[in-house]
Amino acid sequence: MTGISIVGAADLVGDETVGQSVDQLMVTATMLALDEAGLDLQSVDGVFCATPNDNMPTLRLAETLGIRPRFFDGTSVGGGSYESFLGHAALALQAGLCDVALLAYASTQKSSRGGFQTRSTPPAWEYPYGLSYPSSSFALIANRHMHQYGTTSEQLAATAVAARDWARLNPRAARREPLSVADVLASPMISSPLHKLDCCLVTDGAGAIVLTRSDRAADLAATPVHVLGHGEAFTHRYISAMDDLTRSAAAQSGPRALQMAGLQIRDIDVFQLYDAFTISVLITLEDLGVCARGESGALVESGATSPGGSIPLNTSGGGLSYCHPGMFGIFLLVEAVRQLRGEAGDRQVNNATTALVHGLGGVLSSGSTAVLSTRTP
Amino acid sequence: MQASTDRLGALSGAERELFEYAARGQLLLRHCRKCGQHGTAARYICAGCGSQQLEPMSASGIGTVHAFTVVHRSPLEQLRDRVPYVVALVDLAEGVRVLGNIWHDQADIHVGARVEVEFEAVAEGLALPQFRLVTADSPIQP
Chain D
1 MTGISIVGAA DLVGDETVGQ SVDQLMVTAT MLALDEAGLD LQSVDGVFCA
51 TPNDNMPTLR LAETLGIRPR FFDGTSVGGG SYESFLGHAA LALQAGLCDV
101 ALLAYASTQK SSRGGFQTRS TPPAWEYPYG LSYPSSSFAL IANRHMHQYG
151 TTSEQLAATA VAARDWARLN PRAARREPLS VADVLASPMI SSPLHKLDCC
201 LVTDGAGAIV LTRSDRAADL AATPVHVLGH GEAFTHRYIS AMDDLTRSAA
251 AQSGPRALQM AGLQIRDIDV FQLYDAFTIS VLITLEDLGV CARGESGALV
301 ESGATSPGGS IPLNTSGGGL SYCHPGMFGI FLLVEAVRQL RGEAGDRQVN
351 NATTALVHGL GGVLSSGSTA VLSTRTP
Chain V
1 MQASTDRLGA LSGAERELFE YAARGQLLLR HCRKCGQHGT AARYICAGCG
51 SQQLEPMSAS GIGTVHAFTV VHRSPLEQLR DRVPYVVALV DLAEGVRVLG
101 NIWHDQADIH VGARVEVEFE AVAEGLALPQ FRLVTADSPI QP
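Those sequence lines, one after another, are chains D and V.
When you line the first sequence up against our numbering, it's residues 1 to 377, in that order.
When you line the second sequence up against our numbering, it's residues 1 to 142, in that order.
Just so you know, the hints here were simulated from the structure itself, not pulled from any lab data.
Ideal placement from N, C-alpha and C gives every residue a C-beta, glycine not left out.
Restricting the straight-line Cα-Cα distance to at most 20 angstroms, the calculated cross-link-like pairs of lysine to any residue (SDA-like) are:
{"no.": "1", "chain 1": "D", "residue 1": "Lys196", "chain 2": "D", "residue 2": "Glu154"}
{"no.": "2", "chain 1": "D", "residue 1": "Lys196", "chain 2": "D", "residue 2": "Tyr133"}
{"no.": "3", "chain 1": "D", "residue 1": "Lys196", "chain 2": "D", "residue 2": "Ser180"}
{"no.": "4", "chain 1": "D", "residue 1": "Lys196", "chain 2": "V", "residue 2": "His72"}
{"no.": "5", "chain 1": "D", "residue 1": "Lys196", "chain 2": "V", "residue 2": "Pro84"}
{"no.": "6", "chain 1": "V", "residue 1": "Lys34", "chain 2": "V", "residue 2": "Gly50"}
{"no.": "7", "chain 1": "D", "residue 1": "Lys196", "chain 2": "D", "residue 2": "Arg176"}
{"no.": "8", "chain 1": "D", "residue 1": "Lys196", "chain 2": "V", "residue 2": "Leu76"}
{"no.": "9", "chain 1": "D", "residue 1": "Lys196", "chain 2": "V", "residue 2": "Tyr85"}
{"no.": "10", "chain 1": "D", "residue 1": "Lys196", "chain 2": "D", "residue 2": "Met146"}
{"no.": "11", "chain 1": "V", "residue 1": "Lys34", "chain 2": "V", "residue 2": "Glu55"}
{"no.": "12", "chain 1": "D", "residue 1": "Lys196", "chain 2": "D", "residue 2": "Thr152"}
{"no.": "13", "chain 1": "D", "residue 1": "Lys196", "chain 2": "V", "residue 2": "Val83"}
{"no.": "14", "chain 1": "V", "residue 1": "Lys34", "chain 2": "V", "residue 2": "Ser51"}
{"no.": "15", "chain 1": "V", "residue 1": "Lys34", "chain 2": "V", "residue 2": "Ser58"}
{"no.": "16", "chain 1": "D", "residue 1": "Lys196", "chain 2": "D", "residue 2": "Arg175"}
{"no.": "17", "chain 1": "D", "residue 1": "Lys196", "chain 2": "V", "residue 2": "Val70"}
{"no.": "18", "chain 1": "D", "residue 1": "Lys196", "chain 2": "D", "residue 2": "Leu185"}
{"no.": "19", "chain 1": "D", "residue 1": "Lys196", "chain 2": "V", "residue 2": "Arg80"}
{"no.": "20", "chain 1": "V", "residue 1": "Lys34", "chain 2": "V", "residue 2": "Gln53"}
{"no.": "21", "chain 1": "D", "residue 1": "Lys196", "chain 2": "V", "residue 2": "Ser74"}
{"no.": "22", "chain 1": "D", "residue 1": "Lys196", "chain 2": "D", "residue 2": "Pro178"}
{"no.": "23", "chain 1": "D", "residue 1": "Lys196", "chain 2": "D", "residue 2": "Asp183"}
{"no.": "24", "chain 1": "D", "residue 1": "Lys196", "chain 2": "V", "residue 2": "Pro75"}
{"no.": "25", "chain 1": "D", "residue 1": "Lys196", "chain 2": "V", "residue 2": "Arg73"}
{"no.": "26", "chain 1": "V", "residue 1": "Lys34", "chain 2": "V", "residue 2": "Gly95"}
{"no.": "27", "chain 1": "D", "residue 1": "Lys196", "chain 2": "D", "residue 2": "Ser153"}
Only some residues are given here: those of chain D computed to face chain V with a beta carbon under 8 angstroms:
{"no.": "28", "residue": "Thr121"}
{"no.": "29", "residue": "Ala124"}
{"no.": "30", "residue": "Pro128"}
{"no.": "31", "residue": "Tyr129"}
{"no.": "32", "residue": "Leu131"}
{"no.": "33", "residue": "Ala139"}
{"no.": "34", "residue": "Leu140"}
{"no.": "35", "residue": "Asn143"}
{"no.": "36", "residue": "Ser191"}
{"no.": "37", "residue": "Ser240"}
{"no.": "38", "residue": "Leu245"}
Based on the provided sequences and hints, a complete structural model is requested.
In structure tokens, the structure reads:
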């Protein structure tokens with residue numbers, strides 16, 4: 001793929017969101033992203049939004065902003081919708097169906113005391129059995145992975161510890177206090193084998209990404225980050241229909257994105273992999289071919305994905321320690337852009353020029369992968 | 001009575017059939033007349049060949065545990081006093097995977113454990129397929 005670039009990226013977390021409604025947060029994030037690109041609001045003519053405060057999220061966003069886009073996409077595949085939006089925006093821009101694409105998301109589920117918000121109710125053949133959505137489904141996945149590969153609770157916990165170690169380098173992360181494997185194992189069990197600290201946070205937050213065709217990007221303010229490849233895949237909606245509990249849609253979406261980019265997994269300098277739960281990170285690492293099947297627990301335990309390691313992963317602190325306002329996809333993209341622009345401060349990965357971002361949705365149901373780089377293809 | 005119906009959530013058509021069959025002591029699956037593959041009760045089209053020629057059939061009730069979790073925080077008010085309880089994915093002998101609770105012998109539940117179906121009455125004419133570990137004393141299913 002050639003010719004599509006991210007020219008604006010912004011997010012709001014924690015204290016930055018106080019007192020703002022969902023609509024207002026999307027406006028604030030949008031304007032931050034447009035300002036750093038040096039673009040006018042009225043230039044936005046493609047909107048991509050899956051914010052669950054409205055059944056027609058793109059229309060709600062456009063009305064709130066006071067714009068009339070000629071292209072819209074509200075694809076709803078869970079938290080990874082925003083990685084799918086990146087690919088869809090790239091296609092729309094390439095086809096000339098829009099010139100400036102805006103992805104925006106916001107949620108106030110923590111301050112609204114709504115708890116983890118989802119529009120999902122399990123179907124009749126799952127609901128009566130009292131499984132928590134989505135944590136019990138991920139718990140079943142973890143249970144199977146442990147049975148099949150010998151993955152341990154300590155290795156799941158090490159994933160949360162690695163995320164926290166990155167968050168400790170991020171002044172804007174929600175959780176920055178030291179965390180040990182023992183701390184994770186001592187946290188309340190939600191649905192075995194997943195403890196509370198194996199699960200993502202519930203916070204408020206907002207994010208926005210702006211894309212244009214690359215020939216225009218060079219004239220805009222910020223360092224453009226090029227979209228080299230994207231891919232999406234789906235395996236199921238609800239857990240009882242998941243064929244192989246140890247293998248997610250990332251096994252298809254990842255290779256699709258890399259192939260489009262003309263790259264191998266070893267060419268990736270930094271990874272942002274949706275960490276809804278510790279187990280989702282482990283399975284995604286295996287699906288992408290970062291390590292062999294069953295080896296992800298040992299990989300994380302070795303420190304390879306922690307600060308200073310050879311496989312920098314979830315460098316903001318992730319959904320486990322940075323923020324997680326219901327859907328985390330846009331925040332993965334924003335962090336990838338920051339790393340590639342050299343704006344990541346103490347958590348900066350040296351010489352990071354190419355990033356892989358993977359979003360997931362549902363109960364490890366959908367996978368959407370993007371490959372980004374500051375190198376022109 | 002309302003609380004029992006709430007346990008099942010909103011039901012329609014084929015979804016309700018599963019629980020009606022269960023009330024009659026049968027675990028409902030679908031059998032594809034075209035390719036012979038079996039599917040869950042709520043399938044309308046065969047996942048194997050795409051045929052809509054699906055007929056109801058009664059499963060043997062025998063299966064093995066594919067994965068399980070012990071729920072410590074229940075989303076269902078009706079189940080809060082039964083926490084912690086097991087939710088399991090069961091691979092039925094017919095090659096179909098379903099979800100169910102295993103209410104007893106929690107300490108003995110493991111991946112690969114053999115189970116057999118039992119039925120939990122929920123409301124008038126409606127029951128839930130559930131599973132129990134197979135023991136030496138279990139009646140042999142026909």
